[in-house]
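Colleague: Letter by letter, the chains look like this.
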Amino acid sequence: MSHVLHDIEKQVIKVLQSEPNLTEEGISQKTTLSMDQIRRGIEWLRLKKLADVTETTSISLSLGKNGLEALKNGLPERRLVTLVQDGPKTFDEIRSSLHGFDFNAAIAHAKRNDWINIEKTDTGSKISLKDPDADVPNDSDLIISKLGERTIVPTEFDNTPLAEPLKSLMERPDFIIQHEEKTKTVSLSETGKKIDLEKLDSGAIDVEADVPHVHAARIHPLNDTINEVRETFVHLGFTEIIGDLSQSSFWNFDALFTPQDHPARELQDTFYLKGLNAKQLATPTQIKNVSSAHKKGWRYYWDIQEAKKMVLRTHTTCVTIKYLADKKPDEARIFSLGRVFRNEKVSYKHLVEFNQVEGIVVGKHITLRDLMGIQKEFYRKIGLTKVKFWPTFFPYTEPSLQSMVYNERLGKWIELFGMGIFRPEVTKPLGITKPVLAWGGGIERIAMLKFGLDDVREFYNNNLSWLRTASKCQ
Amino acid sequence: MPVVELSLSRLQKLVGKKANKKQILDSLPFLGLDIESLEGNTVRVEYSPNRPDYSTDFGIALGLQGILGISKGILRLDIRKQGNYEIKVDSSTSKIRPFVTGIIARNGSLDNESVKQLINMQEDLHFGLGRKRKKSSIGIHDLDNISFPLKYTTTSRDHRFVPLNSTKESSISEILRDSEVGKDYGSILGQSSKVTLITDAKGQTISFPPIINAALTTVTTKTKNLLVEVTGIDKQSAEDMLSVVVVILQGAGFQFSQLKVSGSKNSTPNFAPRSIALDADPVNKILGLNISGSILVSCLKKCRLDASMKGKKIQCTIPRYRFDIFGGMDIVEEVALGYGIDKLKPAWPASVHIGEKNMTSEKLDSISRLMTGFGFMETLNSTLTSEQILYDMSNRDSSQMISVTSSKSQEHAILRDSILPGLLENLSKNIHETYPQKFFESGIVFSKDSPIKETASLACVTASEETHFSKIKAVLQSLLRIGFNIKCETKTLSKHALFSQGRVAEIVINRKTVGYIGELDSKVLENFRIRTRVVGFEIKLSGLIFD
Numbered sequence: 003m004s005h006v007l008h009d010i011e012k013q014v015i016k017v018l019q020s021e022p023n024l025t026e027e028g029i030s031q032k033t034t035l036s037m038d039q040i041r042r043g044i045e046w047l048r049l050k051k052l053a054d055v056t057e058t059t060s061i062s063l064s065l066g067k068n069g070l071e072a073l074k075n076g077l078p079e080r081r082l083v084t085l086v087q088d089g090p091k092t093f094d095e096i097r098s099s100l101h102g103f104d105f106n107a108a109i110a111h112a113k114r115n116d117w118i119n120i121e122k123t124d125t126g127s128k129i130s131l132k133d134p135d136a137d138v139p140n141d142s143d144l145i146i147s148k149l150g151e152r153t154i155v156p157t158e159f160d161n162t163p164l165a166e167p168l169k170s171l172m173e174r175p176d177f178i179i180q181h182e183e184k185t186k187t188v189s190l191s192e193t194g195k196k197i198d199l200e201k202l203d204s205g206a207i208d209v210e211a212d213v214p215h216v217h218a219a220r221i222h223p224l225n226d227t228i229n230e231v232r233e234t235f236v237h238l239g240f241t242e243i244i245g246d247l248s249q250s251s252f253w254n255f256d257a258l259f260t261p262q263d264h265p266a267r268e269l270q271d272t273f274y275l276k277g278l279n280a281k282q283l284a285t286p287t288q289i290k291n292v293s294s295a296h297k298k299g300w301r302y303y304w305d306i307q308e309a310k311k312m313v314l315r316t317h318t319t320c321v322t323i324k325y326l327a328d329k330k331p332d333e334a335r336i337f338s339l340g341r342v343f344r345n346e347k348v349s350y351k352h353l354v355e356f357n358q359v360e361g362i363v364v365g366k367h368i369t370l371r372d373l374m375g376i377q378k379e380f381y382r383k384i385g386l387t388k389v390k391f392w393p394t395f396f397p398y399t400e401p402s403l404q405s406m407v408y409n410e411r412l413g414k415w416i417e418l419f420g421m422g423i424f425r426p427e428v429t430k431p432l433g434i435t436k437p438v439l440a441w442g443g444g445i446e447r448i449a450m451l452k453f454g455l456d457d458v459r460e461f462y463n464n465n466l467s468w469l470r471t472a473s474k475c476q
Numbered sequence: 178m179p180v181v182e183l184s185l186s187r188l189q190k191l192v193g194k195k196a197n198k199k200q201i202l203d204s205l206p207f208l209g210l211d212i213e214s215l216e217g218n219t220v221r222v223e224y225s226p227n228r229p230d231y232s233t234d235f236g237i238a239l240g241l242q243g244i245l246g247i248s249k250g251i252l253r254l255d256i257r258k259q260g261n262y263e264i265k266v267d268s269s270t271s272k273i274r275p276f277v278t279g280i281i282a283r284n285g286s287l288d289n290e291s292v293k294q295l296i297n298m299q300e301d302l303h304f305g306l307g308r309k310r311k312k313s314s315i316g317i318h319d320l321d322n323i324s325f326p327l328k329y330t331t332t333s334r335d336h337r338f339v340p341l342n343s344t345k346e347s348s349i350s351e352i353l354r355d356s357e358v359g360k361d362y363g364s365i366l367g368q369s370s371k372v373t374l375i376t377d378a379k380g381q382t383i384s385f386p387p388i389i390n391a392a393l394t395t396v397t398t399k400t401k402n403l404l405v406e407v408t409g410i411d412k413q414s415a416e417d418m419l420s421v422v423v424v425i426l427q428g429a430g431f432q433f434s435q436l437k438v439s440g441s442k443n444s445t446p447n448f449a450p451r452s453i454a455l456d457a458d459p460v461n462k463i464l465g466l467n468i469s470g471s472i473l474v475s476c477l478k479k480c481r482l483d484a485s486m487k488g489k490k491i492q493c494t495i496p497r498y499r500f501d502i503f504g505g506m507d508i509v510e511e512v513a514l515g516y517g518i519d520k521l522k523p524a525w526p527a528s529v530h531i532g533e534k535n536m537t538s539e540k541l542d543s544i545s546r547l548m549t550g551f552g553f554m555e556t557l558n559s560t561l562t563s564e565q566i567l568y569d570m571s572n573r574d575s576s577q578m579i580s581v582t583s584s585k586s587q588e589h590a591i592l593r594d595s596i597l598p599g600l601l602e603n604l605s606k607n608i609h610e611t612y613p614q615k616f617f618e619s620g621i622v623f624s625k626d627s628p629i630k631e632t633a634s635l636a637c638v639t640a641s642e643e644t645h646f647s648k649i650k651a652v653l654q655s656l657l658r659i660g661f662n663i664k665c666e667t668k669t670l671s672k673h674a675l676f677s678q679g680r681v682a683e684i685v686i687n688r689k690t691v692g693y694i695g696e697l698d699s700k701v702l703e704n705f706r707i708r709t710r711v712v713g714f715e716i717k718l719s720g721l722i723f724d
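So the protein lines, in turn, are chains A and B. Just so we're aligned, residue 3 is where the first sequence starts under this note's numbering, counting upward by one. Just so we're aligned, residue 178 is where the second sequence starts under this note's numbering, counting upward by one.
Keep in mind the hints are simulated off the structure, nothing from the lab. Among the hints, erroneous ones may be present.
No farther apart than 35 Å at their CA atoms in a straight line, the calculated lysine-lysine pairs in the DSBU-like style are these [what the hints assert, rightly or not]:
1) A/LYS366 with B/LYS462
2) A/LYS383 with B/LYS689
3) A/LYS310 with B/LYS462
4) A/LYS132 with A/LYS169
Remember, it's a predicted structure, so these values are computed and weren't measured experimentally.
Let the sequences and hints guide you as you build the complete structure.
Modeller: Structure (structure tokens):
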């Protein structure tokens, strides 16, 4: 079994392999580790069953306040004996040398040891030695003097004549203090002892330990989806074209056969730029042809001033139609992607400014079924597999279809991209002779499916905690 | 898209017992009708504005009968010339609202639901085709209170009559001033002293178009016979509108008599169908199909058109109310619908096209990658923003402000001329998140030109107590050097609204100022409630790394 050990653990093991039982302090003296590191290291080793920790309690004794007093002046009973050595003395006489508590203690212990007699006389009680010639035992005095100012372990008097007197001294208040101290002794387990530190891969670390979160700086999640959509169009053979966000009404509406009194052109749906009119609109032929298509199709006076009004583009189609009108390709796959604008109330499903992509296929032999196939392949590439098509209406395409994509999370069909063939009323006036098939739609809707969002505004809130944590690979 | 609410059981009755409810619900989307909601017997569907006949269940039933094969081809229209119904047009109307047309509908009955459907139709026609009543508008009246001939004429604003939903007489001026419809649509009449009016042979006021009918001719569920009149400024549009009303009333069981229209530029309406002939081959080609002439004909009949093959040509007959059909491509769509969109199988076209990203997209991509490499998080802000963020809180000069008209939201009323204020707003919204915070955004900024100029720019900010000028300058220099091999200088600038004095510089490349860099001014930061030090820069990319 190989062990992956932290550097702290290695240092602890190394010390214990040369000195089997050590306290934490002992280890600390022999390494450069802090006490905190040592405690952590020991805990890790214990959990890995590489080290054992035994806790022992050691007891030591030293003299207390009364003990130290006795060391200086002798035990009270000893002093009593000395006082009555020369003959009996009354209580009062003794009290002049032995005060208060000492007096009581002296009488009590001398009596218990059977050293003195107490005789009641007319002049008060008198104390006398029981046997003036006999030696009074001095074990307790010995203990006091042996302890002196040291600290000893209680086992020092085991199996000696002093064991019993120590016991009785310890019962007396403040003569001897008992200290308790707990010590952790660390030793290696059998496995721990066998670890060969030399053989351990010195670069290895604990790869299973928890670590803090770090935040990656990253591309905005919506831009991730936009980039994915762009890449997918490129994979499908489409070439990107770009155009301005501000456009003349001519390219945004008139060139797409949207009559000038159409509700979509009203202020409540479209953002007009206050007081700004286009200086250059289109070529004179383009203007003339578009104008007559409107007069013929919609029977009204077509006003060039209306066409000059600048708007924020309501779709990317203005970019693609201008490209087609200027280049008139016989064969092409192009696309345009970017911001578009609608004068709407902002809500969980509507934004005033959002991203749209639109692909255009021009070709003599291209069919509606081909366009459906391209779209199906597009969805497959971005991970949407259940797709169906329904008829719908767009003002400048005919026939027009919408694609529906099944969403498992919501359990329903979601309307995504629209598609259709540009009406001849759009293409003919601009000199485009080959069929033009268009498909596209809003990108936020796709991103919402990918990121599981139900509120489209989330993309533009720039909430850092969401930006930091939204999963990237969906 | 407009919405109509339908009763499923009523719809089933109109379609015919052969269709069950599931078939009906499954078929609706294939008529281009999106089911918005379905609750019990009530289904709400969205229909296309080019199909006002779908504004009622009568029109939708007609479509369903076709696509389900229950009843195909054109619904024949029988308009009798019996009765002496006439409206005479006075030439005084020609400067105000020159055209009137109409029809007599008899022997029908209208229950509550039918009245509801007719009101929905009328509102739809007024809004869409009628351009909010300006181009054309409808009045539907109880025929039995009217004496013929009628007169379409003009009157002064003092003229008095009892308007619909009222019991007392009002003058035209009072109606325009006090009633809801008067206030909403009065402007259509302009400032002229005269207004249009329809009166009957007894001199009774029938209607004050395009504002309100008279109470005299109120339609109720007891009404059996109707007069429908349409007035407008465009004759064809008025007749288009009438044709929709006629096909709907036909569905509701009415029989028709002609209303003769005479005088000025007016004439009796003609409901005759049109004919379009087109080659069958291109139809197959554009749809990617190869179906026989007889199937093509059958597809068109399922869409309630009539058709026959004449050699290689399809001869298609289009009823009057299908004025959404302009030409051949519209017929192609009808074929696709009749064939069934669900039966059109996606194909994969062989292509020799090699796709390419636009150079600008590529370069912006590179910049984004480098900026994230430097530790900056990308944010996205609207280019249409608010005066408050862009100018007020940023202490910037608003004299070159570009605004949009009638925005529904104050937060989106001004086009940005700088990205930095948006980034400060982003910092402001994230003050509770951990620091350091580093943001960047690249995108379009606008400036006045002839008439307007769009420039791609890049801006970034670092918010942190430890940051300072040299750190952000290091990012700027490395970005330009690594990304585009461009050397830039920073030249002392005495003053800039966004930055602190003495800590701001112009970014100069080839002796041209392309942006600004510095420590953000404490007053500006205070306005955005940012309590930490912020450094940043903004640089124009158009003209620098792409055109």
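Colleague: Taking the hints in turn, state whether each one holds.
Modeller: Against the structure, the hints come out as follows:
no., hint, in the structure
1, A/LYS366 with B/LYS462, "holds (10 Å)"
2, A/LYS383 with B/LYS689, "violated (45 Å)"
3, A/LYS310 with B/LYS462, "violated (38 Å)"
4, A/LYS132 with A/LYS169, "holds (25 Å)"
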